[in-house]
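Peer 1: Chain residues, written in single-letter form:
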Amino acid sequence: MFIAISYSSSDPMHRQITDQVKDAIARGALKAGEKLPSIREMSKELKISPITIKRSYRDLEQDGYIVTRAGLGSFVADVDLARLRAEKRDEIAGELGRIVTAAAGYGISPGEIGKLLRKILEEGNG
Amino acid sequence: MDNVMEVTGLTKRYRTFTLDGVTLEIPKGTILGLIGPNGAGKTTTIRVLMKMVRPDGGSVRIFGMGLDAHEKEIKNRVGYVGEEQFYYLNKKVSWTGRFVSRYFERWDQGMFDSLLEEFGLDPSQRVGKLSKGMKVKLSFAIAFSHHPELMILDEPTAGLDPVIRREMLDRLLAFRDDHEGSVFISSHITDDIVRIADHVAFIVDGRVAIHAEKDEVLSDWKRLHFKPGTINGDIVTGLRCVEAHAFGSTGVTNRFRELEGRISAAVSAGDVKVENVDLDDVLIAFVKGGRA
Numbered sequence: 001m002f003i004a005i006s007y008s009s010s011d012p013m014h015r016q017i018t019d020q021v022k023d024a025i026a027r028g029a030l031k032a033g034e035k036l037p038s039i040r041e042m043s044k045e046l047k048i049s050p051i052t053i054k055r056s057y058r059d060l061e062q063d064g065y066i067v068t069r070a071g072l073g074s075f076v077a078d079v080d081l082a083r084l085r086a087e088k089r090d091e092i093a094g095e096l097g098r099i100v101t102a103a104a105g106y107g108i109s110p111g112e113i114g115k116l117l118r119k120i121l122e123e124g125n126g
Numbered sequence: 001m002d003n004v005m006e007v008t009g010l011t012k013r014y015r016t017f018t019l020d021g022v023t024l025e026i027p028k029g030t031i032l033g034l035i036g037p038n039g040a041g042k043t044t045t046i047r048v049l050m051k052m053v054r055p056d057g058g059s060v061r062i063f064g065m066g067l068d069a070h071e072k073e074i075k076n077r078v079g080y081v082g083e084e085q086f087y088y089l090n091k092k093v094s095w096t097g098r099f100v101s102r103y104f105e106r107w108d109q110g111m112f113d114s115l116l117e118e119f120g121l122d123p124s125q126r127v128g129k130l131s132k133g134m135k136v137k138l139s140f141a142i143a144f145s146h147h148p149e150l151m152i153l154d155e156p157t158a159g160l161d162p163v164i165r166r167e168m169l170d171r172l173l174a175f176r177d178d179h180e181g182s183v184f185i186s187s188h189i190t191d192d193i194v195r196i197a198d199h200v201a202f203i204v205d206g207r208v209a210i211h212a213e214k215d216e217v218l219s220d221w222k223r224l225h226f227k228p229g230t231i232n233g234d235i236v237t238g239l240r241c242v243e244a245h246a247f248g249s250t251g252v253t254n255r256f257r258e259l260e261g262r263i264s265a266a267v268s269a270g271d272v273k274v275e276n277v278d279l280d281d282v283l284i285a286f287v288k289g290g291r292a
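Sequence lines, in order, name chains A and B.
Residue numbering for the first sequence follows our numbering, beginning at 1 and increasing consecutively.
Residue numbering for the second sequence follows our numbering, beginning at 1 and increasing consecutively.
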């Protein structure tokens, strides 16, 4: 699993961890049933407070991405990948929405954006 | 653009430390931040400029004049704030102003009085009773009150609370922007430098390691994060401060603009992440970063 912590990001650290674990699950880098590093290990490796790691694990558990078994540790849950993909799709829809709004600010019409997007897709770029 | 200060090849040998060929310049109306660890030569450099230390070699020109031949004229046009203030502790703030005023041809008593008021300094207070922050403010008030064209400041913000620090930094910005003033400020608090400086110079072990526009430095230097096991010389050579952990590895590069194209595919694939550095990271890379 690849986790990169940025001190200059506007996202708080617990959120950066949560997002990157989710991302690893969505990309299939972490598989259902796989054991996650312990809070202590992650805290030590990333040089981040265990309270921060604990918080991101708690959020992941609440959202159903991981399960914690007392005494055994945390494991990747049997996540509904379709749901995860739907979540990612919503995120991307949100980003596209922001692009359309930004474009409107420069007087670029939705029709023009549609053309640009189709062109990018045809070039197989992405 | 005219330079208000040109320091060339400044050298000073002490038994355990050598200031080794320091060369710096300050274009008029700009702020140069001198950054370095403790003991790197920041204070020695500034002491030479203030004629408190005699150099073994090199030259200093301020306002186009040689420092040795025109010391008095130069000092009249320079405002100096040191790390420590040497005032008579049992004298009042107002007395201190009158005392130093005789050294400056352009002393502006009205300005001094209004700065005291703006800074919340009581003229009847004894200097010895002032807090550290208030003493620094007094120092700033004195420096500004003889209408300097160049401010030279040695760690002026060390030990100050964030409120006073920000207030003094804002004053320096106003000095630059409203009076075309020039500033030479040393600090190991790189946050202060990044906030106000136009150019930065890093001094390490008595030598100038970088002297460039601040924004150039921040565009060239980036921190790269690599997926575990993927850091290798094919992607990046000359990484400094490389650290590996179980979930990836990081390193700092000073050649990001060259690398950008080469790593763009890995960035899109999510295998490499790029992060801005701050000037602390650059300083640390020089002090203990290994070679380029």
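To be clear, the hints were calculated from the coordinates, so they are not data collected in a lab.
Accuracy of the hints is not assured; some may be wrong.
[To be verified] What follows is a set of in silico ranges between Cβ atoms, one per label pair, in the way DEER data are often shown:
id, chain 1, residue 1, chain 2, residue 2, range
1, B, 246, A, 71, 20 to 28 Å
2, A, 49, B, 125, 54 to 62 Å
3, B, 100, A, 9, 25 to 33 Å
4, B, 244, A, 40, 15 to 23 Å
5, B, 28, A, 54, 48 to 56 Å
[Stated by the list, open to error] Just so you have them, the derived chain A footprint on chain B, three or more residues with Cβ under 8 Å:
id, stretch
6, 163-175
7, 245-254
[Claimed, not checked] Below 25 Å or equal to it, Euclidean Cα-Cα: the simulated BS3-like pairs (lysine-lysine) are:
id, chain 1, residue 1, chain 2, residue 2
8, B, 28, B, 91
9, B, 72, B, 28
10, B, 72, B, 51
11, B, 129, B, 51
12, A, 44, B, 91
13, B, 227, A, 54
14, B, 75, B, 51
15, B, 227, A, 44
16, A, 44, B, 288
17, B, 129, A, 47
Yeah, the Cβ is synthetic: ideal placement off N, Cα and C, and Gly gets one too.
Peer 1: Evaluate each hint against the coordinates.
Peer 2: Hints, verified against the model:
no., hint, verdict
1, B/246 / A/71: 20 to 28 Å, "holds, 22 Å"
2, A/49 / B/125: 54 to 62 Å, "violated, 43 Å"
3, B/100 / A/9: 25 to 33 Å, "violated, 48 Å"
4, B/244 / A/40: 15 to 23 Å, "holds, 19 Å"
5, B/28 / A/54: 48 to 56 Å, "holds, 55 Å"
6, 163-175, "violated (count 0)"
7, 245-254, "holds (count 5)"
8, B/28 / B/91, "violated, 37 Å"
9, B/72 / B/28, "holds, 20 Å"
10, B/72 / B/51, "holds, 11 Å"
11, B/129 / B/51, "violated, 30 Å"
12, A/44 / B/91, "violated, 54 Å"
13, B/227 / A/54, "holds, 23 Å"
14, B/75 / B/51, "holds, 10 Å"
15, B/227 / A/44, "holds, 18 Å"
16, A/44 / B/288, "holds, 22 Å"
17, B/129 / A/47, "violated, 43 Å"
The structure does not agree with the numbered hints 2, 3, 6, 8, 11, 12 and 17 stated previously, though it agrees with the rest.
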